[in-house]
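Q: Spelled out from the first residue to the last, the chains are:
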Amino acid sequence: MSENRVEITKDKFRIVGKNLEKMESITRPSLTFWQEAWRRIRGNRAAFISLILLIVYGLLAIFAPMFSKYGFDQQDAYAMSQSFSAAHWMGTDSLGRDLWVRVWMGARVSLTIGLLAAVLNTVIGTVLGGFCGYYGGKLDMIVMRIIDVIYGIPSLIVCILVMVVLGSGVQSLIIAMVIVGWTGTCRFTRGEVYRLKEQEFVLAARVMGEPVFTIIMREIVPNIMGLLITNLAMAIPSAIFQEAFLSYIGLGISPPQASWGVLAKEGTRMLKVAPHMLYVPAFFICTTVLALNQLGNGLRDAFDPRLRGTE
Amino acid sequence: MSKNVNKNEPLFQVEDLCQYFHIAKGKTLKAVDHVNFTIYKGETLGLVGESGCGKSTTGRCLVKLYKPASGKISYKGKDIFSYNKEEEKAFRKNVQMIFQNPHSSLNPRMTVKDIVGAGMKLHGLATDKDVDAKVEAILKRVGLNRDHMSRFPHEFSGGQKQRIGIARALAVEPEFIICDEPISALDVSIQAQVLNMLKELQEELGLTYLFIAHDLSVVKYISDRVIVMYLGTMVEFADAEELYDNPLHPYTQVLLSSIPVADPKLVREKQRIMVKGEIPSPINPPDCCRFVERCPYATEACRKKLPPLREIKPGHFVACHMV
Amino acid sequence: MAKNILEIKNLEFSFHTYGGVVKSVRDVSFNVREGEILGIVGESGCGKSVTSQCILRLNPEPPGFFEGGSIKYKGEEITTKSDREMRKIRGVEIGFIFQDPMTSLNPTMTIGKQIEEIFVGRGGISKKEIKERALEILKLVGINEPERRYKQYPHELSGGMKQRVMIAIALVGKPSIIIADEPTTSLDVTIEAQILDLLKELREKMNTSIILITHDLGVIAKMCDRVLVMYGGKVAEKGTVEEIFYETAHPYTAGLIKSIATLDTSKDQKLVPIDGTPPDLFAPPKGCPFAARCEFAMEICYEAQPENYQLTKEHMCACWLQHEYAPKVDIMRRETKEVQQ
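Chains as they are written, first to last, in the numbering used here: chain A, 1 to 311; chain B, 1 to 323; chain C, 1 to 341.
Everything labelled a hint here was simulated from the structure, so no lab data went into it.
Since the model is a prediction, treat every value here as computed from it, not as a measurement.
Do not take every clue at face value.
[What the hints assert, rightly or not] Pairs of lysine-lysine residues, derived as DSS-like cross-links and limited to a Cα-Cα distance of at most 25 Å, are as follows: (1) C:K205 - B:K265; (2) C:K200 - B:K270; (3) B:K265 - C:K81; (4) B:K113 - B:K129; (5) C:K200 - B:K276.
[What the hints assert, rightly or not] Listed next, with one range per pair, are the computed distances between beta-carbon atoms: (6) B:K276 - C:K113: 24 to 30 Å; (7) C:G35 - B:N36: 49 to 55 Å; (8) B:E136 - A:L116: 46 to 52 Å; (9) B:D147 - C:E7: 18 to 24 Å; (10) C:K3 - B:D147: 52 to 58 Å.
Idealized CB from N, CA, C, for every residue including glycine.
Please work from the sequences and hints to get the whole structure.
A: Structure (structure tokens):
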């Protein structure tokens, strides 16, 4: 079993005792929570590619319309419903407007609304869920019943009602989506906080006499951060899709303002004649949602403390 | 005893403590039922029993993690639930706890330095400037060093994590530490390290301990006096040596004879006192001796009334009708 | 003397992980005889659980893999069997009792169903016979009212009862060997005593061999005929239970015995802990794995792995102190003086 035969001589049989310094030392480098997460995302190919893709989309959304020679509502009667060409990379729509520019203008709207709605949902859901989970009692009961009610009504109907009351437009759209969307995060955060507050390190903080606010900010919030971000990443695609859907059925953004949903709606009308008008926005909606879901999955694995040291 | 136990200075006085949890309509879990004891400065009081006996719950009531259903807990003569802000803060500094599970008793997002230093800063024992040096000093006492300060809990072994937990408790210079099963989750050879450390620290710093465990040999080794609990009630209470030499309550006798001794000849010759059945549920317990279903000596009288804790010999209390 | 039914020679088993290859089992050899209770004692990371799971190929392969050695059950080589062949052995020839009864039973199936599962895929037994055998076994393990318990779900049973059910499941196929991995660690001490008595009784009645894995020396003393002490993936010492306790040869075994508090330990006696922590299995030391924590370590211990010295017919010790050049020391002395270099 021994590879290099060590010479056995009598002098080697002197007792030298223990050697404990090496025992207590830790050799592997210490990574913070964020460093560890980044390392894992980088290793997850699907998530990493999705991240790159989303960054590319984001940059294009910001810069592409600026560098294009066409305006987003610039009509051209001579170039209506044309398919892909050198002049118009993604073709034109029924009014001769350049689709490349419209797609990226639409991206601005869709991505912004999606992001904004998701962030608002997450913030409201987290704060409320946090209080419910930590204090329980009456507040918890009331909030949970409200959530039950909201879940009971189809979200579309709630959106329609809100839009009818507040009128159409980006603002009311976001308000409608938030009213319906905060519940998921709230329930989830409540569960996590409830579980965390019974953990021994939180009890240790209470025994130490830490004030409640410090306990929440120092003990609880950092330990749900990872999950919150994952939640956020998963909330964005559903917000984007929701906006697209509402605009598609005419409740959200209206033309000439572009969003991906609007473009898809226009495209459906021309499906038999100029199918590219539908395929283009549909492609972008699908790839964005897919990328965000992959990223969300990747983030969830990246932040999972149980996977530490097991890979 | 070579220890300085001051019988004139009681630290904790627990009077008729009851902790009940209402689980559902008509179902009450009586976790702790009429528990009385006093802990004196400098001693180690052992609290031993099997699952459902209420020892952990009792410990948690003493640090105000639970508010008891009834009864009174006094620290240095004052009811701990009647404190004003200052008294509360002082209590939190003086009474600390070491937890059972090393893997969940440290905040995974904080470095060792922050974990140990947080309490010091909170109680004004260190400022941002000198907390580094002070944390290093405490870590040294538990056998860790400067390199460990910037590390995170998951990088340490179970034994090391438990030592960090001890450092955290010591950092605020407490008088009293409740040790809630501090070594059950550790490997056997590490258990001895931690036990020795706790003993040394007690001598050096004059600490008082409430030592909660289910391992009787360990409890006997470290405690001065021991309380045996069963299903929320105290069944026997005596000096450690006395309890193990003369166990009077049938449950204590059963418990002692059930421990497998690490000596092949002894353990195979020893006559074991058999007990049948399972440990009953602490939900809606009957209003009589809780051990009656499994006791080899049970009589009708035992099914009628809850036996009171009586002093059979000086310092030796038993709750049993048959003694 | 009873014959060997399990023979393990030079077993080496490792895992591929992100950080490299972890050598969990490094050269382990032992035999199990008919009707004996063999104890394997060691702490976390010593490889005892991985070794026992190797016998039934329960380790996930990949990332686990056999680096060398052989496991022979009744003459047949286990390490090369296919999954289908292993299924004929698992549960029927060799049974397994897991540590935590709370999580080892399927919460969505009744007790009866879980016992019947052993027979799925094995022809030749009627449903009626299966149920009869199951009820018989439940009675054998001390579960009263077996018909009622048969229809109950795991959550309706206490911890001790669940462990009895686990034992029943392990026994149903009338195995020759039962591997019990820390079967009483999570149980209360009075229940533990009952379960251990039950295992002994079963060995008497059915002549089943038992491999009992534990970290509790008291359980070893009570139950075992022979003992294997493992450290750092290797066998440090093995022998009869009397030899291990009364003629301890390996410093690690001695360290374990000295570090536990027994009812006889007086307060003034200091427990002698084993300083330090178990070795890093990513980069196992080239010498004896215990050297860094051993107060009797010699230069040679850090340089080369010790050979296996056969002290008596059953008693083996892997320690350089057994070499003729080594000084005579009393490893059971209760001092912790660190000898300066």
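Q: Find the hints from earlier in the document that the structure breaks and name them by number, from lowest to highest.
A: Of the numbered hints given earlier, those the structure breaks are 3 and 9, listed in rising order.
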